[in-house]
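Here the protein sequences come in this chain order: F and X. Numbering that gives the first Met the number 0 puts the first sequence at residues 0 to 535. Numbering that gives the first Met the number 0 puts the second sequence at residues 0 to 206.
Everything labelled a hint here was simulated from the structure, so no lab data went into it. Mixed in with the good hints, there may be bad ones.
[Said to hold, decoys possible] Here are the in silico distance ranges between beta carbons for each label pair:
| hint | chain 1 | residue 1 | chain 2 | residue 2 | range |
| --- | --- | --- | --- | --- | --- |
| 1 | X | ILE21 | F | LEU447 | 38 to 48 Å |
| 2 | F | ASP132 | X | ILE21 | 22 to 32 Å |
| 3 | F | LEU449 | X | ASP53 | 20 to 30 Å |
| 4 | F | ASP281 | X | ASN61 | 58 to 68 Å |
| 5 | X | PRO143 | F | ASP132 | 29 to 39 Å |
| 6 | F | ASP501 | X | VAL166 | 55 to 65 Å |
| 7 | X | ARG60 | F | LYS138 | 27 to 37 Å |
| 8 | X | THR47 | F | GLN108 | 53 to 63 Å |
| 9 | X | ILE21 | F | GLN141 | 50 to 60 Å |
| 10 | F | ARG88 | X | ASP53 | 38 to 48 Å |
| 11 | F | ASP501 | X | LYS163 | 24 to 34 Å |
| 12 | F | GLN445 | X | LYS65 | 40 to 50 Å |
| 13 | X | GLU57 | F | ARG88 | 32 to 42 Å |
[Stated by the list, open to error] Think about it this way: if two alpha-carbon atoms lie no more than 27 Å apart in a straight line, the pair counts; the simulated DSSO-like pairs of lysine-lysine are:
| hint | chain 1 | residue 1 | chain 2 | residue 2 |
| --- | --- | --- | --- | --- |
| 14 | F | LYS96 | F | LYS85 |
| 15 | F | LYS435 | F | LYS109 |
| 16 | F | LYS203 | F | LYS180 |
| 17 | F | LYS505 | X | LYS163 |
| 18 | F | LYS487 | X | LYS163 |
| 19 | X | LYS163 | F | LYS439 |
| 20 | F | LYS109 | F | LYS85 |
| 21 | F | LYS310 | F | LYS321 |
| 22 | F | LYS505 | F | LYS203 |
| 23 | X | LYS163 | F | LYS435 |
| 24 | F | LYS435 | F | LYS332 |
| 25 | F | LYS395 | F | LYS203 |
Beta carbons: idealized from backbone N, C-alpha and C, even for Gly.
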Amino acid sequence: MTKNLPSKGFLSIVLHAHLPYVRHPEHDSFFEENWLFEAITECYLPLIGVFDRLEADNVNFRLTLSLSPTLISMLCDELLQTRYLKYLRSRLELAEKEIIRTRKQPGYQKLARLYRRFFLNSLYMYQERYQGDLLAAFKKHQSTGKLELITSAATHGFLPLLNVSETAVRNQIETGVATFKAYFGTTPTGFWLPECGYYPGLEKALDEAGIKYFFVDSHGILDASPHPANGVYAPIDCGNGVAAFARDPDSSRQVWSAQEGYPGDYNYREYYSDIGFELDADYISPYILDQKIRTNTGIKYHRVTGGDLPKEIYNPSQARAKAREHAQDFVSKRQIQLDRLNASMDRPPIIVAPYDAELFGHWWFEGPYWLECVLRLASQQSHGVQLISCGDYLNKQVTHQVARPSASTWGDQGYSSYWINETNDWIYPLLHKAEKDMEKMVNDVQRLALTSLQIRALNQAARSILLAQASDWAFILKSGTSIDYASKRITDYLARFNYLHDSIRKNRINERYLTALEIMDNIFPDIDFRNYNPSS
Amino acid sequence: MAFLHSGSNSKINLSAKQMLEISQEISRDFTPCFFNQKLTLVEKDRFTASELLDISVEIRRNFAPKVSFSAPELTLLPVDPGHLHVYWSIAENQETVTLENECDDHLTLRIYGQPHEQSKATEIEHMFDVAIDSTDSRQQVFLPVAFAETAYSAEIGKFDVDDKFIVFAHSNIIHAPRGSAAWCQVHQNANACPSKNTSGQGISKLA
Chain F
0 MTKNLPSKGF
10 LSIVLHAHLP
20 YVRHPEHDSF
30 FEENWLFEAI
40 TECYLPLIGV
50 FDRLEADNVN
60 FRLTLSLSPT
70 LISMLCDELL
80 QTRYLKYLRS
90 RLELAEKEII
100 RTRKQPGYQK
110 LARLYRRFFL
120 NSLYMYQERY
130 QGDLLAAFKK
140 HQSTGKLELI
150 TSAATHGFLP
160 LLNVSETAVR
170 NQIETGVATF
180 KAYFGTTPTG
190 FWLPECGYYP
200 GLEKALDEAG
210 IKYFFVDSHG
220 ILDASPHPAN
230 GVYAPIDCGN
240 GVAAFARDPD
250 SSRQVWSAQE
260 GYPGDYNYRE
270 YYSDIGFELD
280 ADYISPYILD
290 QKIRTNTGIK
300 YHRVTGGDLP
310 KEIYNPSQAR
320 AKAREHAQDF
330 VSKRQIQLDR
340 LNASMDRPPI
350 IVAPYDAELF
360 GHWWFEGPYW
370 LECVLRLASQ
380 QSHGVQLISC
390 GDYLNKQVTH
400 QVARPSASTW
410 GDQGYSSYWI
420 NETNDWIYPL
430 LHKAEKDMEK
440 MVNDVQRLAL
450 TSLQIRALNQ
460 AARSILLAQA
470 SDWAFILKSG
480 TSIDYASKRI
490 TDYLARFNYL
500 HDSIRKNRIN
510 ERYLTALEIM
520 DNIFPDIDFR
530 NYNPSS
Chain X
0 MAFLHSGSNS
10 KINLSAKQML
20 EISQEISRDF
30 TPCFFNQKLT
40 LVEKDRFTAS
50 ELLDISVEIR
60 RNFAPKVSFS
70 APELTLLPVD
80 PGHLHVYWSI
90 AENQETVTLE
100 NECDDHLTLR
110 IYGQPHEQSK
120 ATEIEHMFDV
130 AIDSTDSRQQ
140 VFLPVAFAET
150 AYSAEIGKFD
160 VDDKFIVFAH
170 SNIIHAPRGS
180 AAWCQVHQNA
190 NACPSKNTSG
200 QGISKLA
């Protein structure tokens with residue numbers, strides 16, 4: 000039996016779940032939709048499984064989950080739900096084929112059986128238990144007080160570079176909050192700034208949207224003015240009552256660092272060893288892109304192994320033991336941190352540990368289990384670590400040092416250079432011009448009596464702008480992984496905006512074309528173009 | 000069983016099955032619609048994937064985004080404590096015009112730095128010029144290390160023979176991130192700040 004220690008402070012684990020809008024009804028199947036399907040299978044369903052088990056075991060955990068509006072929209076989209084089931088069944092079929100193929104390789108066959116069970120369980124969770132509605136699963140855990148759900152900007156627009164137009168920034172925030180509210184019924188108290196991109200003054204738009212707190216990277220608070228007395232271990236009040244919490248560098252490094260982070264342990268599953276790239280082309284062709292371009296299938300048989308050694312076969316039991324060990328290490332280190340901080344601070348310290356949700360399960364296969372172990376250990380309070388959400392912390396501590404955070408992001412180099420450089424800077428003149436055109440058009444029509452067709456076209460133009468603004472496109476252009484797709488998304492959305500702008504201006508709206516665009520870009524059904532107005 | 004039309008002399012015989020089919024067809028095609036949305040849904044159902052794709056391709060072909068500003072424009076964007084990004088649009092006839100006393104034909108950026116708390120362009124304390132070496136109307140600007148201010152504005156123009164700066168466009172005012180010791184450390188040694196997520200964030204990792 001564990002002994003409870005008095006709490007020395009708080010640990011707030013925050014997962015940010017986001018994917019760009021990858022929905023393509025104009026194709027019978029579309030490769031990039033797999034980003035969503037892989038994330039559902041490997042990340043979101045396993046995380047829901049963690050929450051369900053913790054609830055069943057009466058574990059008193061608390062976790063913050065940020066769901067981006069694009070992800071919210073895709074998770075409840077009928078077309079994608081149907082296509083996901085098709086994807087999952089094809090994975091199941093492949094796992095079954097693998098059981099036969101590996102019949103003379105017991106070690107591999109054991110893993111093939113494991114994958115079959117994994118996909119079967121995913122199918123059960125998705126189809127039977129939650130009937131395709133994963134948002135309902137998150138909502139359930141929110142209602143029991145275990146999850147604090149928050150959201151982000153409408154399409155994850157990178158706000159420091161949209162700030163040429165305050166209207167564009169405000170529209171991203173307000174549409175994001177409205178989308179969350181439409182699905183969950185309440186205004187979120189917290190807001191995940193896309194890429195943790197903050198600039199001084201952003202708190203005003205957040206306050207107007209009813210937001211109480213947001214997150215920045217460590218240097219956003221450490222370089223705040225005036226200097227924060229408690230460093231990154233207490234929020235600061237931006238001057239208008241909106242609080243900024245900082246990422247803790249230590250807990251971040253333990254999970255993120257490529258060199259010393261847990262996911263790189265030799266016992267964990269190797270992400271880059273996938274049968275989609277390893278098996279005979281004829282055999283694997285039904286499960287890869289266009290039956291010829293090798294892609295990940297989700298079936299991976301090897302562990303990280305380390306160095307330049309040949310990859311060894313994955314051992315799930317050893318990996319789980321290592322995850323338990325890493326969870327113990329993580330919680331112990333937080334305890335040591337809190338002991339030290341508690342002695343020097345005028346209030347209970349809070350360690351904020353934010354991560355991309357997709358790290359857990361997708362990149363780091365054992366991540367959800369590690370998280371489960373961390374939540375079980377921390378909830379016992381045998382380490383003097385108490386789990387909390389940032390919203391709860393603000394309710395406990397009502398006054399905070401007033402300071403202005405410094406402009407910052409959590410990306411490479413800590414500022415905006417990942418989202419504006421020689422690979423992607425061409426997008427900003429185009430984006431800013433479209434935003435300007437939209438703002439002017441909304442202003443021009445504000446006193447006109449509009450037909451329902453004109454209103455539909457204006458709303459669709461607002462959707463096109465939002466979709467073009469996603470930070471993901473600039474990110475992908477820089478990272479170099481799916482450049483053609485990202486480039487096409489931006490140009491398509493801006494072309495659609497230009498088409499609608501031209502049609503509206505000339506009052507020659509083709510309903511058939513408009514309807515096609517509404518089908519293809521069906522996000523934000525309740526959008527109101529009138530909000531794209533500086534005076535609204 | 001055949002049904003005979005009672006209101007006319009028509010001799011058309013209809014079976015029960017035929018009656019049902021006609022009834023269903025009329026219901027399907029002529030049900031009164033009270034809401035626009037219902038009409039829209041019927042319309043929406045009529046698109047095939049390839050029809051949607053055709054419309055998408057046509058719009059992309061005919062409405063591809065391009066930069067075309069009606070007036071000269073200059074926009075500044077913050078990158079990091081050591082860099083700004085700038086893009087501009089100067090009408091071709093304006094850029095190539097020979098000023099009466101033009102010295103050379105090169106565009107120049109004039110960057111103004113202001114103390115952080117000031118934002119009025121009139122309260123200028125520092126400025127420096129940057130020769131434009133870009134042909135695609137955008138360029139990154141390096142900020143001098145000693146230039147500690149964080150608010151910037153800019154002008155774009157040319158010099159005349161009297162060394163007078165002829166301005167074509169003024170920029171917006173931006174606040175570049177404050178340079179911190181941590182940032183300088185990172186730039187002296189890229190591995191010195193492990194708290195940064197050097198792998199970056201986002202979905203492209205899923206690709």
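Now for the hints, and whether the structure bears them out:
no.	hint	verdict
1	ILE21(X) with LEU447(F): 38 to 48 Å	holds, 45 Å
2	ASP132(F) with ILE21(X): 22 to 32 Å	violated, 41 Å
3	LEU449(F) with ASP53(X): 20 to 30 Å	holds, 28 Å
4	ASP281(F) with ASN61(X): 58 to 68 Å	violated, 42 Å
5	PRO143(X) with ASP132(F): 29 to 39 Å	violated, 56 Å
6	ASP501(F) with VAL166(X): 55 to 65 Å	violated, 33 Å
7	ARG60(X) with LYS138(F): 27 to 37 Å	violated, 43 Å
8	THR47(X) with GLN108(F): 53 to 63 Å	violated, 43 Å
9	ILE21(X) with GLN141(F): 50 to 60 Å	holds, 53 Å
10	ARG88(F) with ASP53(X): 38 to 48 Å	violated, 30 Å
11	ASP501(F) with LYS163(X): 24 to 34 Å	violated, 42 Å
12	GLN445(F) with LYS65(X): 40 to 50 Å	violated, 28 Å
13	GLU57(X) with ARG88(F): 32 to 42 Å	holds, 35 Å
14	LYS96(F) with LYS85(F)	holds, 17 Å
15	LYS435(F) with LYS109(F)	violated, 59 Å
16	LYS203(F) with LYS180(F)	holds, 20 Å
17	LYS505(F) with LYS163(X)	violated, 44 Å
18	LYS487(F) with LYS163(X)	violated, 44 Å
19	LYS163(X) with LYS439(F)	violated, 35 Å
20	LYS109(F) with LYS85(F)	holds, 25 Å
21	LYS310(F) with LYS321(F)	holds, 18 Å
22	LYS505(F) with LYS203(F)	violated, 37 Å
23	LYS163(X) with LYS435(F)	violated, 32 Å
24	LYS435(F) with LYS332(F)	violated, 50 Å
25	LYS395(F) with LYS203(F)	holds, 23 Å
The earlier numbered hints that this structure contradicts are 2, 4, 5, 6, 7, 8, 10, 11, 12, 15, 17, 18, 19, 22, 23 and 24.
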